[in-house]
Each structure stands twice: as C-alpha cells, then as structure tokens.
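Single-letter residue listing:
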Amino acid sequence: MANLKEVKERITSVVSTQQITKAMKMVSAAKLRRAQDKIVQMRPYSQKLTAILNNVSAASESQADIVYAQKREIKNVLIVPVTSDKGLCGAFNTNIIKASMATINTQFAGENVTVMPIGKKAFDAYKKRDFNMITDFSDLFLDLTFDKVRAAAERAMEGYASGEFDQVIVVYNEFKNVATQIVRAEQFLPMENTATEGEQVAAANNEVDYILEPSREYIIEELVPTSLKIQFYKAVLESNASEHGARMTAMDKATENAGELLKDLRLLYNRSRQAAITNEILEIVAGAEALGGN
Amino acid sequence: MRLEIITPDKKVFQGEVTEASFPGANGAFQVLKNHAPLVSALSKGIVAFTTAEGRQTLEVDGGVVEVKENNIILLAEKVIG
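As you go down the protein sequences, you meet chains A and B in turn.
The first sequence begins at 0 in numbering that gives the first Met the number 0 and counts up one residue at a time.
The second sequence begins at 0 in numbering that gives the first Met the number 0 and counts up one residue at a time.
It should be emphasised that the hints constitute simulated quantities derived from the structure, not laboratory data.
We treat Cβ as the ideally placed atom computed from N, Cα and C, and that holds for glycine.
Hints may be right or wrong, so weigh each one.
A short, non-exhaustive set of chain B residues, derived as facing chain A with CB atoms under 7 Å [said to hold, decoys possible]:
1. Ala24
2. Asn25
3. Gly26
4. Leu37
5. Val38
6. Leu74
Lysine-lysine pairs mimicking DSS-like chemistry, simulated, CA-CA at most 30 Å apart [said to hold, decoys possible]:
7. A:Lys47 - A:Lys233
8. A:Lys30 - A:Lys4
9. A:Lys126 - A:Lys85
10. B:Lys67 - A:Lys47
11. B:Lys10 - A:Lys30
12. B:Lys10 - A:Lys47
13. A:Lys47 - B:Lys9
14. A:Lys21 - A:Lys7
15. B:Lys43 - B:Lys9
16. B:Lys43 - A:Lys233
17. A:Lys30 - B:Lys9
18. A:Lys24 - B:Lys9
19. A:Lys7 - B:Lys10
20. B:Lys43 - A:Lys119
21. A:Lys47 - B:Lys77
22. A:Lys7 - A:Lys126
23. A:Lys97 - A:Lys252
24. A:Lys47 - B:Lys43
25. A:Lys233 - B:Lys77
26. A:Lys74 - A:Lys126
27. A:Lys4 - A:Lys97
28. B:Lys32 - A:Lys147
29. A:Lys119 - A:Lys21
30. A:Lys147 - B:Lys10
Just chain A, same shape as in the assembly:
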C-alpha cells in the first residue's frame, strides 16, 4: 500500500493547483468580458465608417487608383501572426504559429518573407527561425488601444505603399464563441473589394446628396486608410477575445481534471488508511493472544 504521508502531500498539492486553475479561469472570464466590450465599442465606429465610405464612393468609381488596392507581382511578403503574450491557453498560439508557417511554406515558398509578430509568443517562436523581422509591435497587448494598433497597421501600410511588401497577410484567431476559435489567414493588403452586391445596392438606394468637403477623392483617400486600420484593429481585438476564451476553456478543463485526480487520490488515501488500521488491530490482537496463551 502507498505511503499515507506521500498520498496526503499529493492531495494538498493537487488541491492548490486546482485553486490556481479555478482562479485563472475566473480572471479569464472577466478579461474576456472586457475584450468583448472592446469589440462592441468599436462596432459603431466601423459601421458608420463603412456607411460613409459607401455613400461617398460612387458605384461607378473603381478603387483601382488607390495605392492600397494596386495588385503587384508578389515577391516580398509580410506575414503578421497575432498571438497572445502568455501561455496556458491550449493550442491557441500553436495554431497560429502552425498556420502562419504553413502559409509561408506553401503559398510563398520561394518568396522573400518578412514577419511582423504581434504578441510575445509569436515573437518567441519566430525569433528562433531565420526570417526578416519587424519587432516593434510584438508587445502590443501590454496596453491594448487603437492608438498602438494603429501604429502597427500604419507600418504595414507604409511598407506596402513604398513597395517594400507586395502582399500583407494577417494570421489571427477569430472569436466564434468561448470554446471555439477559428484560425484565419486573411489578406490585409492589397485591399479586396469586400462589399457584396447587396450592400452596394443598399448604399446606392439611400444615397443622400451630400456636400463633400473638400472633395470626393480627398475624403476617400482619407477614409480608406482609416478603414484598413480598423480592419487590422478588429483582427487584433478578435484575437484578444479568443485568447481569453481559449484560456477560460483550458483552465476549466484543468480544474475538472484536477477534480478527477483528487477523487482517485482520496480513494487511495482512505484505502491505505483503512489498511493501516486493520494491520494495527491485527497486531494488537495477535499480541494479546500471545500474552493470554498462558
């Protein structure tokens, strides 16, 4: 039978692990709510921006003259993997690293690849590999605001406009629900016309005769970069919410596993204790019998 003291020590250690995982789950739940709030807060801005942009850009006008929509032959690629700063969230980060590596190895095998990691885990993973890196934005999640994300988006956009990169791909976890994250490798630049046929018709229908200051072209030139930045910000926020969702699920599972382990350990402990007591009684009885034999 297992040593009583050893089992007792293991039980104590599992109990404290369980307390930690339980606390982490609750912290993640709170953080998840805040992350979701951020997404909700961004929504009116992005909706309004899209509405104005649709209103302003006449249907006939093509977006080909905007620098961010120009398609070029792809030689230099920028990959932006978005991960978290911390681990203990299941396969969250591994999935991103795997997906971004797969994109690099299959789609852009012979191309000149640059990586701009966002989040410490992506930075750590790509540091070990042999790529050109832009590392100024790896600590974005320390204090997640639009202002900081904007700087990262602007860096990628400048690179695209100046011809440093011919394509920019963002790899991130999309938040579906608390338990499910979907890995997405999305083309950030060149822009693809995402407005569907129906949306364009709807925009054309409620078109108001606006006074446009200073000019239609100027406003579009101003709004398109903003809408790109918002798109980038959205990807980062989705990833942030996904991270906390993933951690919550992982910690929930860990707490559950600790509970099961505890059940087994307690059973073992009680059985050992029982065995020890039986042994002792046996010894006493045997001793008494030996004495009373006279």
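Go by the hints and put chain B onto chain A.
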C-alpha cells in the same frame, strides 16, 4: 441637434448641441440647426460645441464628420482631452 463623437475605443460624447464647429480640411466651419447634408474630412484641430451646460472643446487628430437631418456624427481616430 444631436452630436456623436466616436473613436474606435469609445464613444467620447453623445448629446444635444445647439452649435458645433469643426477643423475642416479646407478651413474651420460651423454647423447650425438644419444644415444641409455634409460629409467633410477634418484636419488636426479643435472641435467645439455648445450644450445646455455651456461650451466644450476637444482636440481631434483628423477624422471625418457627417451631418444629416440634424444628426452630426464625428468619427475621429484619436481624441485628446
């Protein structure tokens, strides 16, 4: 008139105003009641508006403003103060 000032991080202001002025890309302008529909790009500068409590000012780092049927919506990437 209703004025809304929105940034990607939060709603900075929402409420009734009697007057609002903006740093337009081609020079500052003021919006009063029943202004014609307008979309204007803004440059960096001061946005000022008068509510029932008095006049307030904010500094924006560019953006765009839409005026439609006495609804003013200001989308700013960044608001200072």
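Against the structure, the hints:
| no. | hint | verdict |
| --- | --- | --- |
| 1 | Ala24 | 5 Å, holds |
| 2 | Asn25 | 4 Å, holds |
| 3 | Gly26 | 9 Å, violated |
| 4 | Leu37 | 5 Å, holds |
| 5 | Val38 | 5 Å, holds |
| 6 | Leu74 | 6 Å, holds |
| 7 | A:Lys47 - A:Lys233 | 15 Å, holds |
| 8 | A:Lys30 - A:Lys4 | 39 Å, violated |
| 9 | A:Lys126 - A:Lys85 | 16 Å, holds |
| 10 | B:Lys67 - A:Lys47 | 13 Å, holds |
| 11 | B:Lys10 - A:Lys30 | 21 Å, holds |
| 12 | B:Lys10 - A:Lys47 | 13 Å, holds |
| 13 | A:Lys47 - B:Lys9 | 14 Å, holds |
| 14 | A:Lys21 - A:Lys7 | 21 Å, holds |
| 15 | B:Lys43 - B:Lys9 | 19 Å, holds |
| 16 | B:Lys43 - A:Lys233 | 24 Å, holds |
| 17 | A:Lys30 - B:Lys9 | 17 Å, holds |
| 18 | A:Lys24 - B:Lys9 | 27 Å, holds |
| 19 | A:Lys7 - B:Lys10 | 55 Å, violated |
| 20 | B:Lys43 - A:Lys119 | 34 Å, violated |
| 21 | A:Lys47 - B:Lys77 | 16 Å, holds |
| 22 | A:Lys7 - A:Lys126 | 43 Å, violated |
| 23 | A:Lys97 - A:Lys252 | 23 Å, holds |
| 24 | A:Lys47 - B:Lys43 | 20 Å, holds |
| 25 | A:Lys233 - B:Lys77 | 16 Å, holds |
| 26 | A:Lys74 - A:Lys126 | 22 Å, holds |
| 27 | A:Lys4 - A:Lys97 | 44 Å, violated |
| 28 | B:Lys32 - A:Lys147 | 37 Å, violated |
| 29 | A:Lys119 - A:Lys21 | 24 Å, holds |
| 30 | A:Lys147 - B:Lys10 | 18 Å, holds |
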